[in-house]
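Q: The lines below spell out each chain.
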Amino acid sequence: MGQSATPHSSAPDLRVSLGPLHLANPVLTASGTFGYGLEFSDFLDLSRLGGIVVKGISLKPRPGNPPPRLAETPCGMLNAIGLENVGVERFLRDKLPPLRQRGAVIIVNILGNTVEEYAELASVLSGVSGIAALEINISCPNVKRGGMAFGTDPHMAAQVVAAVRARTSLPLITKLSPNVTSIAEIARAAHDAGSDILSCINTVSAMAVDPFSRRPKLANIVGGLSGPAIKPIALRCVYETVRAVSCPVIGIGGIQTAMDALEFLVVGASAVQVGTANLVHPRASLHILEGIEKFCRHQGIGAITDYIGTLDTACRFPFADESCSVEPPAREPV
Amino acid sequence: MPRVQEKAKILESHKEAEGTYRLVLYAPKIVPTARPGQFVMVRVASEGADPLLARPFSFHRLHKEDGLCEILLRVVGAGTRLLSQRQPGSSVDVVGPLGRGFTAPTRSDETVVFVAGGIGIAPLRALLDHLLATTHKGHPERLHLYYGARSASELIALHDLKRAGVVSVVSTDDGSAGERGTVLDAVQKRWNASSQMPNRLYACGSLPMQVNLARWVRRRDIWVEMSLESMMACGIGACLGCALPAVDPEDPQAQRYLHVCQDGPVLDPKRIRWDKVQPLIARPLISASL
Ligand SMILES: Cc1cc2nc3c(=O)[nH]c(=O)nc-3n(C[C@H](O)[C@H](O)[C@H](O)COP(=O)(O)OP(=O)(O)OC[C@H]3O[C@@H](n4cnc5c(N)ncnc54)[C@H](O)[C@@H]3O)c2cc1C
Ligand SMILES: Cc1cc2nc3c(=O)[nH]c(=O)nc-3n(C[C@H](O)[C@H](O)[C@H](O)COP(=O)(O)O)c2cc1C
Ligand code: FES
Chain R
1 MGQSATPHSS APDLRVSLGP LHLANPVLTA SGTFGYGLEF SDFLDLSRLG GIVVKGISLK
61 PRPGNPPPRL AETPCGMLNA IGLENVGVER FLRDKLPPLR QRGAVIIVNI LGNTVEEYAE
121 LASVLSGVSG IAALEINISC PNVKRGGMAF GTDPHMAAQV VAAVRARTSL PLITKLSPNV
181 TSIAEIARAA HDAGSDILSC INTVSAMAVD PFSRRPKLAN IVGGLSGPAI KPIALRCVYE
241 TVRAVSCPVI GIGGIQTAMD ALEFLVVGAS AVQVGTANLV HPRASLHILE GIEKFCRHQG
301 IGAITDYIGT LDTACRFPFA DESCSVEPPA REPV
Chain E
1 MPRVQEKAKI LESHKEAEGT YRLVLYAPKI VPTARPGQFV MVRVASEGAD PLLARPFSFH
61 RLHKEDGLCE ILLRVVGAGT RLLSQRQPGS SVDVVGPLGR GFTAPTRSDE TVVFVAGGIG
121 IAPLRALLDH LLATTHKGHP ERLHLYYGAR SASELIALHD LKRAGVVSVV STDDGSAGER
181 GTVLDAVQKR WNASSQMPNR LYACGSLPMQ VNLARWVRRR DIWVEMSLES MMACGIGACL
241 GCALPAVDPE DPQAQRYLHV CQDGPVLDPK RIRWDKVQPL IARPLISASL
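Protein chains in written order, with UniProt numbering: chain R, 1 to 334; chain E, 1 to 290.
The shape of chain R in the complex, shown without the other chains (with noise of 0.2 Å):
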């Protein structure tokens, strides 16, 4: 990819560079609501996103869990799928040939049972040409065993990394759970074992139930929440684990328009992923590209690099020099 490449002269330059993964522009769609891709090849040209993360792969196939799986909530949706995929043989055999024919970035999405699932996974994908990088899943709240038990402790979420790390030179992204007290200190964990991108946040472990039946709305009782409900606590992930970490990280939760992709790129974020808006619009993804692109163009934005990670905390009094106590000013009051 050239520098000088650029068709028209004034098209912002919206590629990103996430440590050793390069994309042609920060849009990625999120793990499990996107399928393994071709599910969209209907509605969109895939190969114009920034990469597409497939639903979490294991070893085995999993059935997932029994239905009613899923429930919808005020701006949001509860769901307990259990993670069910084709497991990776046939993932490798079915379904990644057609994505690669398609020009599309591929990110796989693992998850295991133990440490050494995790890595015996990283290890049969990582001969295996077309995938990007891996993205380890230790924040699903669906499952009883592995999941969220891993990426809830730093020392196992530590473990899973660098067992990982071992087997493979893809780029590693670590997606992190909300449901934890301190996300900085999982993040730091899973940054020193080896992980070169931090994506946040999974679904935040939620309830519902009629209260006429007085039954759970979910065979699983509980499951993950997402949508627009959690847009402001993945904004507060993504705000904390950046500062926490030198590494890139990637903003998942609630994005459903470019406005919204704009706030976690401004908070730091250096790619987003757009997970339950694809549900809704099979479009959302490319929508939102093109919304930061229009925004890009409008505000003067040559290039997203310039606009990724610049929040301004500073406060404010416009009519006096005195600082509040919030923050020191990162520059004079105006």
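Since the hints were made in silico from the structure, they are not lab data.
All figures in this text were calculated on a predicted structure; none of them were measured in a lab.
Just so you have them, the derived chain E footprint on chain R, three or more residues with Cβ under 8 Å: (1) 79–88; (2) 216–228.
Which stretches of chain E does chain R cover? Using the computed rule of at least three CB atoms under 8 Å from a CB of chain R, they are: (3) 1–15; (4) 44–56; (5) 232–239; (6) 243–251; (7) 255–261; (8) 275–281.
Beta carbons: idealized from backbone N, C-alpha and C, even for Gly.
Chain R is fixed; fit chain E with the ligands onto it per the hints.
A: Showing chain E with the ligands alone in chain R's frame:
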């Protein structure tokens, strides 16, 4: 077959029975390839995030030449209420055509039974229309419709089907129209005694109806398809939310699931583990006023 997203214009909206509305949608990209038994995901909120998810609706009638389809909707919650209040002239976001439709009979000498419980008439009507125009043109007497509802006020008038010569049997739980009892009672009354079974049976209705019907047909030599329901988020096979417990022929105890939006919604009931199906929560309408 391509699936598309388009803004569909609501051309008409009619109240057809108590709590049941019929919308006529202009969806020229979706309708031409649509088949009876398939469905669309309709985004109810025009903007904003509440309700967030689109809602699935079967094609009730297809008018391919005009790019029109009709959906029949029963108001059960916030989404269907909002949709029932939409004015003609406004647009809704629609994705379709989705899922597998019915397998239509190929021969005109087949006797075909339709079993519709309540809003279950929605997808069956599209198939009836199709057969009346194709295989069973000239033989409407081989099409038998059993249509039941709780009460007369919830029945949708189907005079034109009767006029077309379809054999219709109506039933209501309270006896306020047609025969008293469930639609299955009506079916059993005719066919338990008959020495001959229908060749095919298509059904759509409530979970109890489906469970009982699945039990009834299991002991009989009838080819059956049912349109089934499940909670859906995407309708396109991406979220894996719409699972139904399925029979694994090789291992009856194995935990297996079908996905209603992709494998269905039209399915052979023998493929479902009915003992594991949890009913979707049915909320009484007073919930809205509490
Ligand atoms: C393939 C398919 C085709 C369908 N076709 C039709 C149709 O032609 N006409 C029609 O009126 N309805 C149809 N439905 C059901 C319809 O989608 C639901 O009634 C609707 O989603 C409820 O939305 P709501 O916002 O009004 O209710 P909500 O407020 O979301 O829920 C109200 C109650 O309805 C139950 N419910 C929610 N979703 C469903 C569902 N998918 N199926 C059954 N109950 C549900 C919930 O458990 C809840 O208690 C179909 C469903 C599927 C899966
Ligand atoms: C139906 C569904 C399935 C999901 N499956 C996975 C998964 O397999 N692996 C994973 O890491 N995250 C999974 N997630 C979490 C999402 O990738 C994302 O982190 C979360 O939904 C928050 O983003 P959103 O609000 O934009 O949806 C899933 C989410 C949903 C809604
Ligand atoms: S509704 Fe999403 S997979 Fe069926």
